[in-house]
Amino acid sequence: MTVAVEFNTDLKKEGVNQLFVDGRIFDFWTLIFMTGLMMIFMYLARKGMKVTIRPIPGFDAIEEAVGRAAEMGKPVHFTPGFGGLVAATFAGLEVLRHVTKLAAQYDVRLIVTVSQPETYAVTEQVMRQSYLEAGKPEAFRVEDCRFISSDQWAYASGVIGVLLREQVASNIMIGQFAAESLILAEAGNTVGAIQIAGTTNAYQIPFFVVACDYVILGEEMFAASAHFAQDELHLGSLRAEDIIKGVSIGLMIVGALLFTFGNEGLVNIMIK
Amino acid sequence: MFLKKTLPTIIAFVCGVTVIIAYFFNIPFFQTTAQEILKWQSVIAIFALGLGAINIIRVHSTNIRRAKGKNAYSIALLITFIVTIVVGVFLGQESEAYKFIFDYINVPTGSAIFSLLAFYIGTAAYRSFRAKNIEATILLITGCLVMLGRVPLGAKILPFSVPATDWIMSVLNVGGQRGLMIAGAIGFIAVSLRIVIGLERTAYGGD
Amino acid sequence: MDIFDKLQNLDKRVFYLLMALAIAIPTIHPIGLPVEITESVREVYEFVESLPEGSIVVIGFDYEPGDEIDLNPIAQAIFHQLASKHIRIVTIASFPAGPTFADECLEILEEYGYEYGVDYVNLGYYAGGEPTLAAFAQNPATVFPKDWHGNSISTLPLMQEVKSMKDFSMAMTLNDGPTGGTGTHEWVRQAVMAYGTPLIMGVTGVLAASNEPYVQSGQCKGILAGLRAAAEYEKLTGKIGTGTVGMDAQSIAHLLIVGFVLLGNIAMLVSKIKEPKDRSGHAGGEPR
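Chains as they are written, first to last, in the working numbering: chain A, 1 to 272; chain B, 1001 to 1207; chain C, 2001 to 2288.
No lab work stands behind these hints: they were computed from the structure. Source: prediction; values computed, not measured. Honestly, I wouldn't trust all of these hints.
Residues on chain B that point at chain C, a partial pick, calculated with CB under 10 Å [what the hints assert, rightly or not]:
#1 1033
#2 1123
#3 1128
#4 1169
Chain A residues, not near chain C, derived (Cβ > 10 Å throughout) [unchecked claim]:
#5 19
#6 35
#7 49
#8 52
#9 128
#10 217
#11 232
#12 242
The C-beta atom is built at its ideal place from N, Cα and C for all residues, glycine as well.
Chain A on its own, in the form it takes in the complex (with noise of 0.2 Å):
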């Protein structure tokens, strides 16, 4: 995982801006008001406010995938991509907590495929917890977790072969993924799976689109948490989030608007 900064250790800069690093004074400000409004959404979500979740296909369809496999008596494959300790992993992670314990209760084998050892020993931990808090600690086979490979297509290549020598009943893939996606999808075809997949990488949902059965678009991932935990703190998130992209989408048409009309002020505020 790489982290996109950089840092600047020579503080020789003169003028107004020297506390703030250039050009991040509006991101800054933006920041304090995503974080203060999902405070603020999250303490009244405590305090009783309603906060529905409209359902999402995807995860609903989760139960019947398992529950698909238990009657086939075949596995289960899940994988959270091809990224690294990414917000999109955690979302696919939440999502394996999930699989994990339906997988316990409807007693089917649960196969995990892995590309990056970090995300490896993260994934090892979420599994045997979730076995452990659906009550079935034994459940759990280390050599279901498996690490693959970090070099992109030597990962497709293991997960291919995981599919069709397993001959999984259900494909969940939930995370981040690249260029290896529709070989994923179609290698699940193969062996009749029912798939389910989900990702951030807006240029890979069209290739899922085309090969699964259900597939969870975008920022609905990060709804997984709100949407099988329903606990408070999510919801209250969610909501804020939802706030943030109204705002988002004002601020597309004013500005939009501004500058057609020759006003760049919107945008020079912006990338103060």
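Given chain A, work out where chains B and C should sit, using these hints.
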């Protein structure tokens, strides 16, 4: 409980806040500390690679034992795994043997897997581009237009496909992707904030 | 099952065989289909033409095996144009396979009389992603004390003229998106925003839309996306290469896919018309 849940949360909070402050402010202490944290992140990732290697050996050794030595793929994997490590460590990455493994095994096999996309895209399109409803019909028409507009032969057969492709890709496609990217970025920030403040405990095995 | 049902559910292996032939035959015997130049490619060409002769550019080979099919032809086409203006080239890579691809592409410079160390240098692979790119932009020698071939930087005349990203008249990233190394976003931050160095992008075809905003906002000078862009660039430079040959194969492959898609839809339509509806009004099964 303190070591498994509370301590990791504290570490995540301190590291997260430090990096965030260093990103926005020119404060030397935070800048230096954030750089150190990133270096440690790389070190931890390398150690995690060792865990992954152990897992590979364990999984495939179990496969070989259970299949009584008849599992050719696991045997091949372990042999190439060990040979590559020995060559890399003892002969070095500049050695002819290591370059041979990389140039004549790693690169071509990666390209071979990538090339499967050409076949899989075709079968996925053949299966999915069916005019079953309005949305599927729109997908069918735009998909075919773009496929024709992106190649010279298609442009000759249907000249209209070229400007149509440009418009679809630069207006419709970009607009849709920007929406997904912006919403995804907001979700990223929300999840990251939840991790930093200790609300998202998935990585520690849950609540 | 009649012929139309069979056409809706063709064996995949038939398609695989036809696709293999559709790609192999034009590759072995190129057809030479004419390529139209698009505005986006022409913009990049004209920008590169405007670079001062003898200036220095940096090219990032930020992709893994598998992506060289799209990106190597772009690199080679650009190198032909740069070499025709005797623009000197420094290459770096954020993926382990990058320096190998750079060496392959840099071979074409020999026909222009380029000398290693004087006119071009392959610095090699750097780990660590954007922070390392930032360090390179600040002072390349701190990241690369030696080049890919083990030569000390102090012995390479070209590198004596490069003290920071500011000394490059152009930067270019050849990448396949956020797959672990540095991509467009990182280069925009570290080259364009930090040093004002103009940036052009070479990306795989699927990334064209997601990188287009950088061009539209003016942060990047242009984008070359996919094999088609390589073919167009080859036409502009007059040096036909793998891009043009690849377009022949891509043309036939695309037509094959469109043909199969239309065949499947026609078969589905005819089946719907022919089959009697059941009580629920549903006509025919869904192919899988």
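Going through the hints against the structure:
no., hint, verdict
1, 1033, "violated, 14 Å"
2, 1123, "holds, 5 Å"
3, 1128, "holds, 9 Å"
4, 1169, "holds, 6 Å"
5, 19, "holds, 19 Å"
6, 35, "holds, 23 Å"
7, 49, "holds, 36 Å"
8, 52, "holds, 33 Å"
9, 128, "holds, 27 Å"
10, 217, "holds, 15 Å"
11, 232, "holds, 33 Å"
12, 242, "holds, 24 Å"
Hint 1 from the list above is the single one not met by this structure.
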